Amino acid sequence: MNIIVCIKRVADTSEAEIVIQRGGQGLEEEDFAWGINEWDNFAVEAAVQLKEQHGGVVTAMTLGGEDDEEVLRRALAMGCDEAVHLCDEAFAGADAWGIAKALAAAVRGRSYDLLLCGAVSGDAGGGQVGGFLAGLLDLPLVALATCLEVGSGNGGTGGVARVRHEVESGLERVVEVDLPAVVTVQTGINEPRYVSIRGIRKVAGAEVQVLDGAALGLQAAELGSAGARVRLEELFLPPRGEGAEVLEGSDEEIVQRLVEMLHQRGGL
Amino acid sequence: MRTIMAIVEVVDETALELAHAARSLGEVHLTAAVFGAEDAGCAELARYFDRVVNFPLSPGAVFDAEHAAAALTPWLAAEQPFLILLSHTNNGLDLAPLLAARLDLPMLADCLELGLRDEQLTAVRTLYAGKVHARVVADAKGGALATLRPGAFDGDEAIDRGGRIETAAVPPGPPARRRLLETVAAEAGSVDITQAEILVAVGRGIEEQENLEIVQSLAAALDAEVACTRPIVDKNWLPKSRQVGTSGQSVSPKVYLAIGVSGSFQHLGGVKGKPFLVAINQDAAAPIFAVADVGVVGDLFDLVPLLEEKIRARKG
Ligand SMILES: Cc1cc2nc3c(=O)[nH]c(=O)nc-3n(C[C@H](O)[C@H](O)[C@H](O)COP(=O)(O)OP(=O)(O)OC[C@H]3O[C@@H](n4cnc5c(N)ncnc54)[C@H](O)[C@@H]3O)c2cc1C
Ligand SMILES: Nc1ncnc2c1ncn2[C@@H]1O[C@H](COP(=O)(O)O)[C@@H](O)[C@H]1O
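Here the protein sequences come in this chain order: A and B.
Using the numbering used here, you'd call the opening residue of the first sequence number 14 and step up by one each time.
Using the numbering used here, you'd call the opening residue of the second sequence number 611 and step up by one each time.
Just chain B, with the same shape it has in the complex (with noise of 0.2 Å):
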């Protein structure tokens, strides 16, 4: 039977969406690998793979990729797993790529589907930002590594699966090249959109600073908080604590309006509980209309002042 090893980095989600995906190649054996997690973390991941592999921290240590990676390598080297799976999150990005390298394997990144053709394995995964797709295929006879979007699987169900807990020895490396300092939070804003019922979401069309105030406008109109993407923020016109997506605050109101928002799965990653989404956008093709319930294509310059006005008329 062939081994897949998923590389968990919190029991979450995710870890599910790893086993769905190991599940659905075929019969397989299905590790998870797992750093410093708790015996019910290491409980829960039993359920759903058939040997968890728990990599010790050191007291107060948290999940690092340098780290893991220096763990892993030799370890997977000895396992020879038919294929290793991640998340493309943030440590995703950090760990991946190095492990792929270091084990000298092909490497299928951000995968939103995942096939095995023979001793192929097949993929589909986004170009330029969502717009295009592309049908990917690597040679996995000396195994591959793999990294699939968060929210692109089903999670796994939960059939018990009884799986082997074991405690992996680490042997003492070289000193770490990367040393922890701190862990920073995100800066509470003065607004707090997590609260919001209605949100306005501005993005990169909206193209200048003072461009803003119709959207501002708009929002007072609606009751509505003024949301964001992170573009918007890189450039300082609005505050972090309005920007939503993977990098930034996770959201869950009813109606979520997007304006000038092309729908990067960054930025979708944060909008959640399926609000009645809006989009207002002059390409036909952005990626935002295949998630939105109601979609306008035309010039936001000119659609968002009539809709201000509309709403105020009606509201009397």
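In isolation and in its complexed conformation, chain A is listed as follows (with noise of 0.2 Å):
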């Protein structure tokens, strides 16, 4: 059972003040918290509980700048035995074509049972570089999986898995796909393992392959900002709308008048 389980850096802006940099091009980062995207650690969790119970090997792989290794070493540290960085300046700019194409060349001449993504990503949110790469790839794909199964399945020579995944109305599916399969991975599928300052410490010396547009075989015009499909014109806040009422004063104040909103507006 080899897999390989796609994973993105994000920024985690849930608490941070936005900044948009003059040009609308980018964001002030100083005062974010970086990790990994919470589907991907998800992801990362079914990977390494389907080598625990099969065997085989999980390869972690990221497209990014250097600091995005630490994603890889975290990877490595909840159990993936490999861990592949595709890395290059050229990359900057690329969007969700983008960093699948280049996904895709990586992962072509290995031998793979199963393809995990998150479903999204915290950032760029589109959800869709994991169904680029069964496009890309010609394979079949299941999204939003809470649950993943597999009978057989040796190296990409067959074997099928069983995977629940949610559909519309709060319904749920579960259906066999022949491996090898993209399967996009859901929050909630399992409960990922706690990853120590120790047990990153543990594979501070695990290697890294690192592999730039050249060793995967695209050319310039493919890569990053210059093969982008969609291209930013410009990032801008929100606008706020209506919006809501913002009590002010002091929290004896604000919960006194909300009390009373409550039961004049709420009807309480």
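Among the clues, some could well be false.
The following label-pair restraints were derived from C-beta to C-beta distances [stated by the list, open to error]:
#1 B/Thr-777 with A/Gln-34: 16 to 26 Å
#2 A/Gly-171 with B/His-639: 36 to 46 Å
#3 B/Asp-728 with A/Val-32: 25 to 35 Å
#4 A/Asp-264 with B/Glu-823: 16 to 26 Å
#5 B/Asp-728 with A/Ile-213: 49 to 59 Å
Heads up, simulated DMTMM-like pairs for lysine to aspartate or glutamate below, C-alpha to C-alpha not over 20 Å straight-line [claimed, not checked]:
#6 B/Lys-920 with A/Glu-265
#7 B/Lys-884 with A/Glu-255
#8 B/Lys-845 with A/Asp-94
#9 B/Lys-864 with B/Glu-823
#10 A/Lys-64 with A/Glu-41
To be clear about the criterion: a stretch of chain B counts as covered by chain A if any three or more of its residues have a C-beta under 8 Å from a C-beta of chain A, and this derived list gives those stretches [unchecked claim]:
#11 724-737
#12 904-910
Calculated directly from the structure, the hints in this document are not laboratory data.
Predicted model, so just to flag it, every value in this text is computed and none were measured.
For every residue, glycine included, the Cβ atom is placed at its ideal position computed from N, Cα and C.
Reassemble the complex: the two chains are provided individually, in unrelated frames, and hints are given to aid placement.
Structure follows, in structure tokens:
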């Protein structure tokens, strides 16, 4: 059971102040806390659990700048066996398509039964890369997996997986899919294991394979912003619209007002 | 005239949103491709679309993205529409990127606005779970595909277009690589939050399972039920039956108190019927404040116990 899991390092901005750079092409990043994309953490755990049950090799792969190696180390600490870092200045400004093309080039020629992605990334959030990979590699796809079991599978020569996944109206479907396949992982599929600093230190010496555009056989025109099919024109803060009436004052005053409003407008 | 194809999963509001977004791009000829629709469903679509193409499903089969991609790829490649539109739903996540890659088309995902500038398709989409918006553009000379966030576009008005209804001839393809085994309905929980008049919804801001107590206690003082966001269910802190959102319950209470909830569209997608919405969040830029009626910017650990105290005091 060989598995490749694609992971991305993203900024967690849920509590950060957002400052857009002049020109609207980027954000001030000083305050951001960085980490593995939430969905990818579940994907890594799923991969490692399958390996623990069935044996095989799990390879974590990311496309990103030098700092992004951090998420590969984290994946190794969780139990991945190999790490591949697609790293090249020419990748800067890649859109989901460019990311998928580079990942597809890195995946081709490897032996794998499952290619796992997160359902979406917390920053770009398009939920596209997994589906693009399935299309580019001509593999079947199952999106939004909440349960993943494999029967057999031996390095890309067949077998099936049973995948439960979310569809519409709160429904889930269980499908059987031929391997190799691409599966995108939804949160809650498992309980990702805790990664200690000690665990990360243990893998500090592990080798991370670094591949640039040339090693992937990609032309400059296909890479980064040059190859992007979707270009960013401008970042801006969301219009507040009507927006909430924000209560001001001391906590006492605010809560008192709120209680009155709940009675008057909420009909308590 | 430009042709636009909308891929319709089910005949509902999202289909009308696709129609409306397409019509907003100017004079277009608009086709709906639908799977296994009944005659009534096709007739309904024909009021909004110029052409309805029904792809038959074998008896007992349901809409399936792998099957749809196999059937649609050659058809779309032959029709060569200017634009292909889908909804950014769970099924959309399963189908749209696969289709874009197979047809080798640029794709704009999860659009809130859509526009046309010469041969370029422009869109507004969100980054960082709604804290940042981005205006993006794709070259649509050779066609393009876009998915639209459900609810972000108005539904099309009922002008009867008298669309032509056809049944697609689907050539037998290779055997499906993905096969449906069963459909699983959501487990019914012991509480039914869909019936509650007041909901106290808790999100990841609560930090620890033990802390849920302050929210439960507030709910008790309000005679309310506790609801929650998905991460709370993912951690098994509360049962799935309390999750509100596109992959949880749809609720329509009179009052919705969101505590430590950022306000992702997947969560808000389950909040229907325009309740009186109060948000408590320490991040003034949290997207929830854009939709709440009343907002309190502050620490829930200070505010929630105080609120409970004042409510109990008023009740006497
Ligand atoms: C296909 C799909 C389906 C999904 N379905 C659903 C769904 O049905 N329901 C759902 O909820 N989500 C769903 N999600 C997940 C969704 O995208 C968000 O990740 C989720 O809603 C975020 O939950 P949250 O608001 O609790 O957490 P966060 O986004 O992490 O927000 C926590 C908030 O708490 C605030 N906070 C932190 N500490 C405090 C404090 N001390 N006092 C006050 N405020 C504080 C922070 O400022 C922040 O705004 C889905 C995602 C996908 C991809
Ligand atoms: N730069 C990247 N490197 C590796 N995997 C990625 C990268 N970007 C996206 N992915 C994968 O694709 C998934 C969906 O991302 P997105 O299409 O951006 O929503 C993520 O959860 C990752 O598994």
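Is it true that the CA of A/Lys-64 sits at most 20 Å from the CA of A/Glu-41? 40 Å, violated
Range hint compliance [Cβ, A/Gly-171 to B/His-639, 36 to 46 Å]: With a Cβ separation near 45 Å, A/Gly-171 and B/His-639 satisfy 36 to 46 Å, so the hint holds.
Mind checking, does the stretch 904-910 of chain B have 3 or more residues with a CB under 8 Å from chain A? holds (count 5)
Would the hint linking B/Lys-845 and A/Asp-94 be met if the CA-CA limit is 20 Å? Between B/Lys-845 and A/Asp-94 the Cα gap is close to 27 Å, so the pair fails against 20 Å, i.e. violated.
Could you grab the alpha-carbon distance between B/Lys-864 and B/Glu-823 and see if it respects the 20 Å cut-off? 23 Å, violated
Has the given pair, B/Lys-920 with A/Glu-265, been kept, meaning a C-alpha gap of at most 20 Å? 9 Å, holds
Closer than 8 Å, Cβ to Cβ, for at least three residues: run that test on the stretch 724-737 of chain B against chain A and report holds or violated. Holds, because 4 residues of the stretch 724-737 of chain B bring their Cβ atoms closer than 8 Å to Cβ atoms of chain A.
Is 25 to 35 Å right for how far apart the beta carbons of B/Asp-728 and A/Val-32 are? 33 Å, holds
At the C-beta level, are B/Thr-777 and A/Gln-34 separated by a distance inside 16 to 26 Å? 53 Å, violated
Take the C-alpha atoms of B/Lys-884 and A/Glu-255, compute the straight-line distance between them, and say whether it is at most 20 Å. OK: B/Lys-884 and A/Glu-255 at ~14 Å, within 20 Å.
For B/Asp-728 and A/Ile-213, compare the CB-CB distance with the range 49 to 59 Å and indicate the outcome. Taking Cβ atoms as reference, B/Asp-728 and A/Ile-213 lie about 50 Å apart, which means the hint holds.
Does the Cβ-Cβ separation between A/Asp-264 and B/Glu-823 fall within 16 to 26 Å? 20 Å, holds
The structure does not agree with the numbered hints 1, 8, 9, 10 stated previously, though it agrees with the rest.
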